[in-house]
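*Asks:* Two chains, two separate frames, one set of hints: put the complex together.
One-letter residues, chain by chain:
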Amino acid sequence: MSGIVQPGRLTEASKDAAIAALIAFALAAPLLGLKTVAATQGLELVQRWHLVAAAVAIVFTGRLLLRLLVWRTRRPGVEATAPQSAGRALASLGKATGPAFLLLALVWPLLPTTDRYLLDLGVLVLTYVLLAWGLNIVVGLAGLLDLGYVAFYAVGAYSYALLAQHLGWSFWVCLPIAGILTALWGIVLGFPVLRLRGDYLAIVTLAFGEIIRLILINWYEFTGGPDGISGIPRPSFFGIPFTDEDQGFAAVFGLDYSPMHRIVFLYYLVLALALVTLVVTIRLRRLPVGRAWEALREDEIACRSLGINTRNTKLTAFAIGAMFGGFAGAFFATRQGFISPESFVFAESALILAIVVLGGLGSQLGIVVAALLMIGGIEMLRNITWLKAVFGPDFDPALYRMLLFGLIMVTIMVWRPRGLISTRLPTIALADRKRIGAQLVGQGRG
Amino acid sequence: MSAEAILTVEHLTMRFGGVVAVDDFSFQAAREAITALIGPNGAGKTTVFNCITGFYRPSEGMLTLRQRDGRTHLLERLPEHEIARWARVARTFQNIRAFGGMTLLENLMVAQHNPLMRASWWTVGGLLGLRSFRVAERAAVDRARYWLEKVGLLARADEPSASLPYGAQRRLEIARAMCSEPELLCLDEPAAGLNARESAELTALLDDIRRQHRVSILLVEHDMSVVMEISDHVVVLDYGEKIADGPPQQVKNDPRVIAAYLGVSDEEVDEVEHALEQGAPQ
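As given, the protein sequences belong to chains A and B, one line each in that order. When the letters of the first sequence are read in order and numbered with the numbering used here, they come out as residues 41 to 486. When the letters of the second sequence are read in order and numbered with the numbering used here, they come out as residues 101 to 382.
For reference, chain B alone in the conformation it holds in the complex (with noise of 0.2 Å):
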């Protein structure tokens, strides 16, 4: 990892009551690459997850976000709208979490709430319909209409997204953390459900974020097809703690994770087992 890092998770330890969800977790996100985490149902990435994004309050441990610019925040001390807003970290849901009632445009107005607040003199201005709220407002709809074309929905941007089929809603929701202008897109399972031509677009879609927008993304993903082909790093967690951390391709061989994350046959079991002993005694 020779590029800056953007998001340094030291020592994340997550308790709910008795459970340890998280133990003393550490790695790093490098700026404007993606980094996948992975690991089999219940290994805590989506606690890891939801500490980033400010949904859960970390028992322990310190999270660093640098900005493009030199600032940095501390996520575990920030509610989690100001770590969208001023940290600039965005994200999906892995049960989708769009506007249903609301139209494509609508979903992506609400994501640019905050520049468009500033805009309208937080309402008193736009009452009085002030000419640069509308300046303003126009910018925000060019935006959302820029995000609804690059992943295809333009066609329906009037439509309630309700109505939109699953794999477009995914797309919707990018689209609409997008439109917050993050430097950090947390994506949380974003190929679950999406069919084989679903998944390459977005991962076509995601690179040309990553390349053409040079944010960094974050995600925690179960398709290893997706993960492989776009990861530039890639950190397992099993358990609540870290068991790889490395480039793909080395995180593919480490018997480690073929046996907590992609099952062996039962033989193999012991072999890994045998090798573990031998490789890393605990």
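So that you can see chain A by itself, here it is in the shape it has in the complex (with noise of 0.2 Å):
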């Protein structure tokens, strides 16, 4: 300790840390004072005072260090939001950060390190990176937020499950096919939100995502209700099966036969169509169309004054956003081979939108980051054995996961309440593209 805390601080930070853990107190009390358990006459109280002083402490001692060494600003908060400079650094890195990522992307299947659990990780990542690349679509570009996202991520796998396995097409042509319904699935969703502001077209988008859902379980004899789909085709090379035969995949290529083919082949997939995601993105924002969805997202008004149509540029929004939710649903179905309405819950839907306003909206770069820390990052923690040495041979770190979640989830907001990378590369220049500040670009207000 640095020794020369002026005494006027040292009280106004035991003031503050006593708040601090008065606020502890109300929330450790019911949630960890009290336990429940079962007993001959049925349940019994169980009160355990010393994890609630435990706690209370913890965040005493924890808040008042934190004001006297860490925050020297009187109001801690204030300051900590958004540091322009790390922003900037962020993106400027970004100039890097890409093509290290497209790089480790593309050779992750041949480390060495990576065995068939990593390798089922990155393509769990990368279906995630290609949902939140889609939806960036419409609630970073277009501004038009949408809850029920997850319903295009099912209508692209029910589809492609359904047309593979009763009309029995390879998953070349299912895959087209599966994002043009899915895609019409985007604009049935929205004409009736087109009038639809902010937090009404919310709603209505989290509504159409549990209408979804609700049909896909209700509707047995079409999608086999809760029982889902389940044999659905395997991915082929190209028309050459991943199987130990004489026509595998190995067989032909003069290989052992292995497992991991499938998954190398399933992981490059995901990646190509990622990468197809990318690109499409990249370019539609240079063209008219993206430049309006911008627009539309900055002044609906005045988009309607220069003769947009910004009915048909939402539709637009909603259409191509949700082909791309229905690729990774196509690939989700091919790669799981069985499919229920229990994957397309809400939560998925609140977890792609958490990536994408994590990432930083609009921001391809930041849904990667976003993602690896949101899927990647929690998944991980299953492998951190370290923690049972501290916390006993019984602690599980992967129960921890909602709460390690909701961490990354405040400490990102409170960092960058933007996201990660919040600036906006314009889209033409005359000299250079200069990055423009957050507090610049609209959000849209749907």
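Any given hint might turn out to be false.
Said to hold, decoys possible - Partial list, derived from the structure: chain B residues whose beta carbon lies under 7 Å from chain A:
1. R177
2. E180
3. F199
4. L216
5. T223
6. D258
Rather than coming from a laboratory, the hints here were simulated on the basis of the structure. Positions of the beta carbon are idealized from the N, C-alpha and C atoms, including for glycine.
*Replies:* Written out as structure tokens, the structure reads:
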């Protein structure tokens, strides 16, 4: 400790810490202090006040130390929001980070350290990157808050599963059809919500997501209801199946059979889909339709005064965003081989939206970082074995996933309220393109 | 008004519930002239404006826009984006509505949305990198550059428009409206919040737009110096009704206009009312 702490500061800091401790007490008393255990005569209440005392003590000392040593300013929190320099640094880092991530993604399956588990994790992260990039078109570019995005994921998955199962078409035929069908559903959702803004739009899209899920559950004859669809055809390498038969992938290419081949193929498949999404989105932004989306986010009335048909522009955003969700759904179906409405609950929508918001609305690179953090990082928790040494052998870090999830969200939102990369890169320039600060860019109200 | 009228407003009435904002209002705006719509606060000027540009649907009345090639459009039947697109009426807003997070150049590119959309084959050709689209885009950038230079903002083309000072944002809005190649340019209080020098620049710019680009201008304005200097024709509204219509000099000396708009001292009120009773019995 520095030792030189003015007495005024000390009282102020301890007052602040006491308030924090009080809040901690209010939270911890019912949550930690009281526990119900099953006894012979119904439930019994066990009181654990020592835990409450520990929690309050940790909060008090922690807050006090933070006030005295870390937060030098009078009001913590105010200065803690969005340091400009950090944003600039992240943005300028972007020039090198993008290609670095791409290179890593390309060689990921070839790295000697990558086992089956890490490869599966890569596939999972990339699926969410693909989904988030699709949602980014609707939320990030056009500024339309969509809480039911998972519906398009579901439509894509079921389109692929049903087409492949009943008609026996190959993945490469079903994929574009699933995309087109999902885009149509995007338009179907788009029409009724065109007149809605902000919160109202969010509620209707949320309802749409639930309606799709309920239809999937209840239309038993068509979708299999809660049983889902199993035995969805697995992907083949352009017609060559991944089996250990004579016609199998390994035999044809003269390799030893390994179940990894299929996973590697799936990995590159989703990577290719994600890259297509990325390239198309980048190009769309520079086309009149992409600029109209962003203009719509900035000011819808001005758009109309310039002769832009805002209805059609919104519909294209919904349709194209939905289409990428459909691709992700088709991929999900072929990877899993089994789908059910369980996979398309609201929490998925929330997770995808969280990735978009944390990444920074409209930022492709930010979304990759957020997806790595939210999906990969949290999944990696399972592997942290040393925590068992600290908390005892019964400790399962995976159980604390949601807690950590919330912690990451709060931290990022306090540190960077507009997401990891919140600056906007202009789509066209006479001289050179300078990034535009987040405070100037509109967020859209739907 | 010898020249042919580009815009004819007949019996325009706009009611909001029980409030009659504009009552049986008729006037004409001549082609390639500057017509000013003035009146005290709450007289219904902006309401008329919003009816012409399609942001309100009038309760009654007919708004006819006659284009240079002879085609006519009934504005009261078109939604606002079609008024901008097909009738070629562009507008600016009283409270500036630039796309703040987009650069000046991007603002002007958005204004050329429809021709660019066509050139990009409704996005498909643009995605494939069609050459004809790239040519069209280059032409659009050139037009944007031309208008940025015209309003003196070329040096800041790559900056976000929200970073511009107020007067410059107003000029940007005019440049953006002009990029959509209008035949009629509607300006809602273009001189509001401008200093004397900026007002003079605006006057010169509007005069140039009218003469060199042969665009008709309709403006709502408070700043009398601007109105009197550049308008060919002035229409005065008060409480939703037309009280004067004519060249600026004539309107300026109209006792009803003086009473309603420019304000008079208490003694003069009686005098004017007396004059009114004599001149225009109700």
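*Asks:* Return the numbers of the hints above that this structure violates; sort them in rising order.
*Replies:* 1
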